[in-house]
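Participant: What follows is each chain in one-letter form.
Protein chains: 2
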Amino acid sequence: MFKGRTVAFFVVIAMLVSSLLTLTFTGQWSFAGAGPVTSGIFADNSGSSTKSDIKKIETALELVKKNYVEDVDQSKLVNGAIDGMMHALGDPFSSYMGPETAQQFSEQIEGSFTGIGAEVSMENGNVVVVSPIKGSPAEKAGIKPKDILLSVNGESFEGLSLNEAVSKIRGPKGTEAKVKVKRSGSAASLEFKIVRADIALETVYARMEQDGVGVIEVTEFSMNTAERFQKELAALEQKGMKGLVIDVRNNPGGVLPVVIEMAQQFVPKGKGIVLVEDKNKRREGTLSKGGGKSYPVAVLTNKGSASASEILAGALQESAGAKLIGEATYGKGTVQTSFTHELGDGSLLKVTIAKWLTPNGEWIHKKGIKPDLAVSQPDYFSVAPINKEKTYKYDTLGDDIKSAQIMLSASGYDPGRKDGYFGKGTENAVKKFQDDNKLEVTGVLDTKTAEALESSLIKQIQDKKNDNQMNRAIEEIRKDIAS
Amino acid sequence: MFKGRTVAFFVVIAMLVSSLLTLTFTGQWSFAGAGPVTSGIFADNSGSSTKSDIKKIETALELVKKNYVEDVDQSKLVNGAIDGMMHALGDPFSSYMGPETAQQFSEQIEGSFTGIGAEVSMENGNVVVVSPIKGSPAEKAGIKPKDILLSVNGESFEGLSLNEAVSKIRGPKGTEAKVKVKRSGSAASLEFKIVRADIALETVYARMEQDGVGVIEVTEFSMNTAERFQKELAALEQKGMKGLVIDVRNNPGGVLPVVIEMAQQFVPKGKGIVLVEDKNKRREGTLSKGGGKSYPVAVLTNKGSASASEILAGALQESAGAKLIGEATYGKGTVQTSFTHELGDGSLLKVTIAKWLTPNGEWIHKKGIKPDLAVSQPDYFSVAPINKEKTYKYDTLGDDIKSAQIMLSASGYDPGRKDGYFGKGTENAVKKFQDDNKLEVTGVLDTKTAEALESSLIKQIQDKKNDNQMNRAIEEIRKDIAS
Numbered sequence: 019m020f021k022g023r024t025v026a027f028f029v030v031i032a033m034l035v036s037s038l039l040t041l042t043f044t045g046q047w048s049f050a051g052a053g054p055v056t057s058g059i060f061a062d063n064s065g066s067s068t069k070s071d072i073k074k075i076e077t078a079l080e081l082v083k084k085n086y087v088e089d090v091d092q093s094k095l096v097n098g099a100i101d102g103m104m105h106a107l108g109d110p111f112s113s114y115m116g117p118e119t120a121q122q123f124s125e126q127i128e129g130s131f132t133g134i135g136a137e138v139s140m141e142n143g144n145v146v147v148v149s150p151i152k153g154s155p156a157e158k159a160g161i162k163p164k165d166i167l168l169s170v171n172g173e174s175f176e177g178l179s180l181n182e183a184v185s186k187i188r189g190p191k192g193t194e195a196k197v198k199v200k201r202s203g204s205a206a207s208l209e210f211k212i213v214r215a216d217i218a219l220e221t222v223y224a225r226m227e228q229d230g231v232g233v234i235e236v237t238e239f240s241m242n243t244a245e246r247f248q249k250e251l252a253a254l255e256q257k258g259m260k261g262l263v264i265d266v267r268n269n270p271g272g273v274l275p276v277v278i279e280m281a282q283q284f285v286p287k288g289k290g291i292v293l294v295e296d297k298n299k300r301r302e303g304t305l306s307k308g309g310g311k312s313y314p315v316a317v318l319t320n321k322g323s324a325s326a327s328e329i330l331a332g333a334l335q336e337s338a339g340a341k342l343i344g345e346a347t348y349g350k351g352t353v354q355t356s357f358t359h360e361l362g363d364g365s366l367l368k369v370t371i372a373k374w375l376t377p378n379g380e381w382i383h384k385k386g387i388k389p390d391l392a393v394s395q396p397d398y399f400s401v402a403p404i405n406k407e408k409t410y411k412y413d414t415l416g417d418d419i420k421s422a423q424i425m426l427s428a429s430g431y432d433p434g435r436k437d438g439y440f441g442k443g444t445e446n447a448v449k450k451f452q453d454d455n456k457l458e459v460t461g462v463l464d465t466k467t468a469e470a471l472e473s474s475l476i477k478q479i480q481d482k483k484n485d486n487q488m489n490r491a492i493e494e495i496r497k498d499i500a501s
Numbered sequence: 019m020f021k022g023r024t025v026a027f028f029v030v031i032a033m034l035v036s037s038l039l040t041l042t043f044t045g046q047w048s049f050a051g052a053g054p055v056t057s058g059i060f061a062d063n064s065g066s067s068t069k070s071d072i073k074k075i076e077t078a079l080e081l082v083k084k085n086y087v088e089d090v091d092q093s094k095l096v097n098g099a100i101d102g103m104m105h106a107l108g109d110p111f112s113s114y115m116g117p118e119t120a121q122q123f124s125e126q127i128e129g130s131f132t133g134i135g136a137e138v139s140m141e142n143g144n145v146v147v148v149s150p151i152k153g154s155p156a157e158k159a160g161i162k163p164k165d166i167l168l169s170v171n172g173e174s175f176e177g178l179s180l181n182e183a184v185s186k187i188r189g190p191k192g193t194e195a196k197v198k199v200k201r202s203g204s205a206a207s208l209e210f211k212i213v214r215a216d217i218a219l220e221t222v223y224a225r226m227e228q229d230g231v232g233v234i235e236v237t238e239f240s241m242n243t244a245e246r247f248q249k250e251l252a253a254l255e256q257k258g259m260k261g262l263v264i265d266v267r268n269n270p271g272g273v274l275p276v277v278i279e280m281a282q283q284f285v286p287k288g289k290g291i292v293l294v295e296d297k298n299k300r301r302e303g304t305l306s307k308g309g310g311k312s313y314p315v316a317v318l319t320n321k322g323s324a325s326a327s328e329i330l331a332g333a334l335q336e337s338a339g340a341k342l343i344g345e346a347t348y349g350k351g352t353v354q355t356s357f358t359h360e361l362g363d364g365s366l367l368k369v370t371i372a373k374w375l376t377p378n379g380e381w382i383h384k385k386g387i388k389p390d391l392a393v394s395q396p397d398y399f400s401v402a403p404i405n406k407e408k409t410y411k412y413d414t415l416g417d418d419i420k421s422a423q424i425m426l427s428a429s430g431y432d433p434g435r436k437d438g439y440f441g442k443g444t445e446n447a448v449k450k451f452q453d454d455n456k457l458e459v460t461g462v463l464d465t466k467t468a469e470a471l472e473s474s475l476i477k478q479i480q481d482k483k484n485d486n487q488m489n490r491a492i493e494e495i496r497k498d499i500a501s
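Each protein sequence line maps, in turn, to chains A and B.
All residue numbers for the first sequence refer to the numbering used here, where the first residue is 19 and numbers rise by one.
All residue numbers for the second sequence refer to the numbering used here, where the first residue is 19 and numbers rise by one.
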């Protein structure tokens with residue numbers, strides 16, 4: 019399982035960004051109890067009009083192939099056509115994925131992938147091991163943190179992006195990856211033979227705060243998330259947890275039955291978890307089969323909490339008396355399913371097949387769920403990076419200066435204003451910052467100063483004491499415990 | 019023919035923006051002398067692989083129709099598919115148009131449309147006649163400038179956009195439009211019965227400047243443009259023209275044979291006009307059948323001069339000794355053709371079928387043609403409009419302030435700086451401007467001040483003396499005449 023999850027999260031996100039925000043059933047295209055949906059009202063008129071429409075597409079394909087000035091790759095045209103068809107729906111959650119993206123998507127849903135199990139990051143153009151995942155083939159083979167990975171099976175990583183390198187390291191279960199490694203202290207490179215295996219992606223992180231307040235962060239609702247959640251929850255309860263914060267900030271969603279299983283823990287028997295409405299407006303409710311907790315629960319949300327996260331938040335708010343804290347959620351009130359084998363070549367069609375509503379019948383699509391207690395993060399949590407190729411001085415202006423002002427303020431230097439105008443106050447703050455950070459004191463925002471400001475900012479963001487939302491949630495639960 | 023062409027141009031552009039930048043043969047899909055292009059190298063392998071690819075698209079279509087949560091309009095999916103297929107080519111000049119857009123496209127190419135012949139604009143939510151086109155049904159029926167058009171055939175224009183209203187006024191040749199009109203001075207509304215007819219779009223504007231310098235502006239290369247150009251050119255020559263400026267700034271292109279016919283006038287017999295290279299890399303040159311002028315010629319270009327404009331500029335520069343003045347051109351070195359009847363429903367496929375090169379064999383695609391004499395317009399020709407819902411005062415900053423500073427400067431008020439910071443200099447300039455324009459002197463950039471600044475700017479832009487590029491071109495031709 020991943021430890022240094024920030025980096026792991028980054029890598030995973032970077033690879034799967036196109037498939038985020040889903041709420042899906044895996045590997046099946048029948049919708050539980052909604053059989054008629056798949057036959058559908060169009061079943062009757064898909065005859066001659068479809069034929070002439072398909073003929074039109076075929077004619078266009080032929081005209082392009084025969085006449086376009088360059089040679090064309092037919093599969094590119096076909097993928098473009100299906101892509102365009104999905105776009106025409108005007109639904110960002112219905113989409114087409116080629117075989118490669120489809121594979122990544124299913125790994126995300128499954129919550130696991132096959133590889134060697136080394137968490138890596140890119141540092142100065144090198145692929146560097148952050149840490150081998152516990153119990154993984156990489157750890158067993160002897161890969162250590164800070165190892166620089168040079169090549170796999172003879173293919174050098176030089177000049178590759180992190181994603182490109184990662185996709186070379188990965189491979190089917192049981193295959194061998196010969197990894198060449200540069201380790202500090204040894205002049206020669208080392209070679210490790212590692213057999214790839216299933217590696218679980220961690221989606222649940224639990225910890226106990228003071229006064230018996232448990233915190234469980236859920237980063238995604240993958241196939242194995244409910245099981246992992248239950249395990250961590252049980253462990254916290256055994257340690258005498260008196261109240262719980264469930265953190266689903268920036269959690270883009272996942273699998274519907276998984277979130278239902280998790281909500282079940284908190285919603286008392288017979289109360290509603292979620293309503294699903296099919297295309298014929300027929301609603302079907304899922305009621306809790308038993309659960310409910312005696313301790314107070316808060317759900318921490320932000321505008322990145324989408325889909326399954328919103329089901330959890332809605333169910334716990336309306337049926338389990340939980341308090342929602344943070345920001346309004348994303349607002350995605352639809353359910354998708356995936357069609358894979360129908361297309362025959364590993365590609366995948368993700369189609370919105372239903373709406374979901376909260377137990378009280380609210381459709382939160384494009385609205386989100388408002389928190390009971392609104393708490394925002396400090397402004398510097400969302401500051402844009404500074405363009406380090408430019409320098410700025412007194413009496414200039416721009417968005418980079420605005421970012422610098424927010425960063426100065428975050429680190430305790432008062433820039434006088436935060437609107438992007440480089441006034442005397444900003445110049446003095448830059449000078450003080452430069453002095454404290456052993457930089458040349460010029461009062462000018464140059465590359466080195468910008469880099470130091472960003473490093474300083476990252477420290478502030480990583481400092482738990484600045485996570486207003488989490489701290490407020492813990493405080494609220496603590497109050498509830500005491501009362 | 020249109021008189022107040024600025025507005026007319028705006029209306030036409032607004033309606034045809036998606037079909038701009040073409041270089042085409044109308045109504046035919048065989049490429050002159052390039053028959054093999056249309057059979058093409060893909061003719062052999064369009065068998066079984068195409069069938070399975072088409073089957074994949076059909077499967078996707080069926081899956082979406084049967085399962086999507088909302089009812090879907092099948093023609094929307096089909097149009098989306100063909101659209102997506104064209105996008106997959108990665109060529110912005112190959113595109114699919116539905117029947118309505120295809121109709122507008124062919125009107126643009128033909129250089130005419132059917133309607134009543136009233137040039138209209140939108141003023142305070144009203145559709146107002148700028149002027150009836152000379153000899154048009156609207157003029158004959160008695161429509162006057164400033165008339166407010168209220169409805170056509172009982173359909174009110176209330177709440178419609180200009181384009182929506184225009185498309186209601188237009189209609190097939192011979193049909194009747196009953197237009198209800200509000201005329202200032204009469205309380206009741208008037209009704210005119212107007213029979214729609216063919217209306218020619220003007221694309222050629224000629225005038226004689228001092229010292230025998232003729233200027234011909236060409237706004238597009240439509241089917242009737244060469245004929246109109248020849249007529250205007252002959253008229254100028256008869257008036258004793260001693261030198262010519264051809265202005266193709268912001269001319270997006272048009273029909274290939276038309277620009278060849280126009281270039282022919284200036285390129286001496288046997289010299290090259292353009293080379294066309296088909297997908298098999300076979301080049302075919304078009305040589306002038308006779309022409310050439312004894313007087314000096316300059317071609318005025320900017321980055322909006324595309325396609326056929328660039329053919330004209332390249333041919334006249336390389337084969338007719340003309341001087342190019344202004345900015346580098348757009349850089350579109352490809353030829354498209356339109357397929358209409360193949361799709362069977364009035365929709366159209368525009369496909370890039372060839373490259374074109376200058377007589378010397380230069381492919382200017384994505385590069386453009388550099389002028390012999392670079393001349394730029396004043397900065398205020400390209401200033402962004404001010405967001406009039408906001409107000410700004412001393413010691414604030416933003417892009418709106420930057421625009422205001424450029425506008426102040428254009429009207430002769432020195433704002434001190436033009437970087438978007440509202441300093442003392444800008445405040446003083448705003449005060450002076452307000453005083454001169456009978457506005458309350460506050461030094462604050464408010465809605466009224468912004469509106470007055472923009473009106474003042476438009477006057478500057480419309481003032482011929484500020485058209486640096488045109489003035490320089492006329493000056494150069496004058497020098498050439500004198501020497």
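These aren't lab readings, by the way, just hints derived from the structure by calculation.
A hint or two may mislead.
Heads up, the list lumps identical chains together, so a pair's fine if it works in one copy or across two of them.
[As the list claims (entries may be wrong)] In silico DSBU-like links for lysine-lysine, alpha-carbon gap of 35 Å or less:
1. Lys69 / Lys186
2. Lys497 / Lys164
3. Lys341 / Lys299
4. Lys482 / Lys191
5. Lys299 / Lys84
6. Lys449 / Lys162
7. Lys152 / Lys388
8. Lys341 / Lys411
9. Lys436 / Lys260
10. Lys483 / Lys164
11. Lys74 / Lys456
12. Lys307 / Lys408
13. Lys74 / Lys373
14. Lys83 / Lys299
15. Lys411 / Lys436
16. Lys442 / Lys408
17. Lys442 / Lys466
18. Lys164 / Lys200
19. Lys84 / Lys321
20. Lys321 / Lys408
21. Lys289 / Lys260
Participant: Decide, hint by hint, whether the structure agrees.
Facilitator: Verification of the supplied hints:
In the homo-oligomer, the alpha carbons of Lys69 and Lys186 lie at most 35 Å apart only across protomers (33 Å), although the nearest pairing inside one protomer, at 43 Å, exceeds that limit. In this assembly of identical chains, Lys497 and Lys164 lie within 35 Å of each other by CA distance neither inside one copy nor across copies; the values are 43 Å within and 71 Å between. Taking the shortest Cα distances, Lys341 and Lys299 sit within 35 Å of each other inside one copy (30 Å), while across copies they are farther apart (69 Å). Taking the shortest alpha-carbon separations for Lys482 and Lys191, neither the intra-copy value of 38 Å nor the inter-copy value of 74 Å comes in at or below 35 Å.
For the identical chains of this complex, Lys299 and Lys84 are inter-copy neighbours only, at 15 Å across copies versus 46 Å inside a copy, given an alpha-carbon limit of 35 Å. For the homomeric pair Lys449 and Lys162, neither the shortest alpha-carbon distance inside one copy (40 Å) nor that between copies (69 Å) is at most 35 Å. Taking the shortest alpha-carbon separations for Lys152 and Lys388, neither the intra-copy value of 39 Å nor the inter-copy value of 61 Å comes in at or below 35 Å. For the homomeric pair Lys341 and Lys411, neither the shortest alpha-carbon distance inside one copy (47 Å) nor that between copies (44 Å) is at most 35 Å.
Taking CA atoms no more than 35 Å apart as the test, Lys436 paired with Lys260 passes in neither setting, with 42 Å inside one copy and 61 Å between copies. In this assembly of identical chains, the alpha carbons of Lys483 and Lys164 lie at most 35 Å apart only when taken from the same copy (28 Å versus 67 Å across copies). For the identical chains of this complex, Lys74 and Lys456 are neighbours neither inside a copy (69 Å) nor across copies (63 Å), given an alpha-carbon limit of 35 Å. Taking the shortest Cα distances, Lys307 and Lys408 never come within 35 Å of each other, neither inside one copy (60 Å) nor across copies (56 Å).
Taking the shortest alpha-carbon separations for Lys74 and Lys373, both the intra-copy value of 33 Å and the inter-copy value of 27 Å come in at or below 35 Å. In this homomeric assembly, Lys83 and Lys299 come within 35 Å of each other (Cα to Cα) only across copies, at 16 Å, whereas the closest approach inside a single copy is 43 Å. Taking the shortest Cα distances, Lys411 and Lys436 sit within 35 Å of each other both inside one copy (15 Å) and across copies (17 Å). Proximity of Lys442 to Lys408 under the C-alpha cut-off of 35 Å is found in both arrangements, the shortest distances being 19 Å within a copy and 27 Å between copies.
Taking the closest pair of Cα atoms, Lys442 and Lys466 come within 35 Å of each other both inside a single copy (20 Å) and across two copies (33 Å). Taking the closest pair of Cα atoms, Lys164 and Lys200 come within 35 Å of each other only inside a single copy of the chain (9 Å); across copies the shortest separation is 80 Å, beyond that limit. For a Cα distance limit of 35 Å, the shortest separation of Lys84 from Lys321 across copies, 32 Å, qualifies, whereas the shortest one inside one copy, 48 Å, does not. Taking identical chains as interchangeable, the C-alpha atoms of Lys321 and Lys408 lie at most 35 Å apart whether they share a chain (32 Å) or sit on different chains (28 Å).
Taking CA atoms no more than 35 Å apart as the test, Lys289 paired with Lys260 passes inside one copy only; the shortest distance there is 23 Å, against 92 Å between copies.
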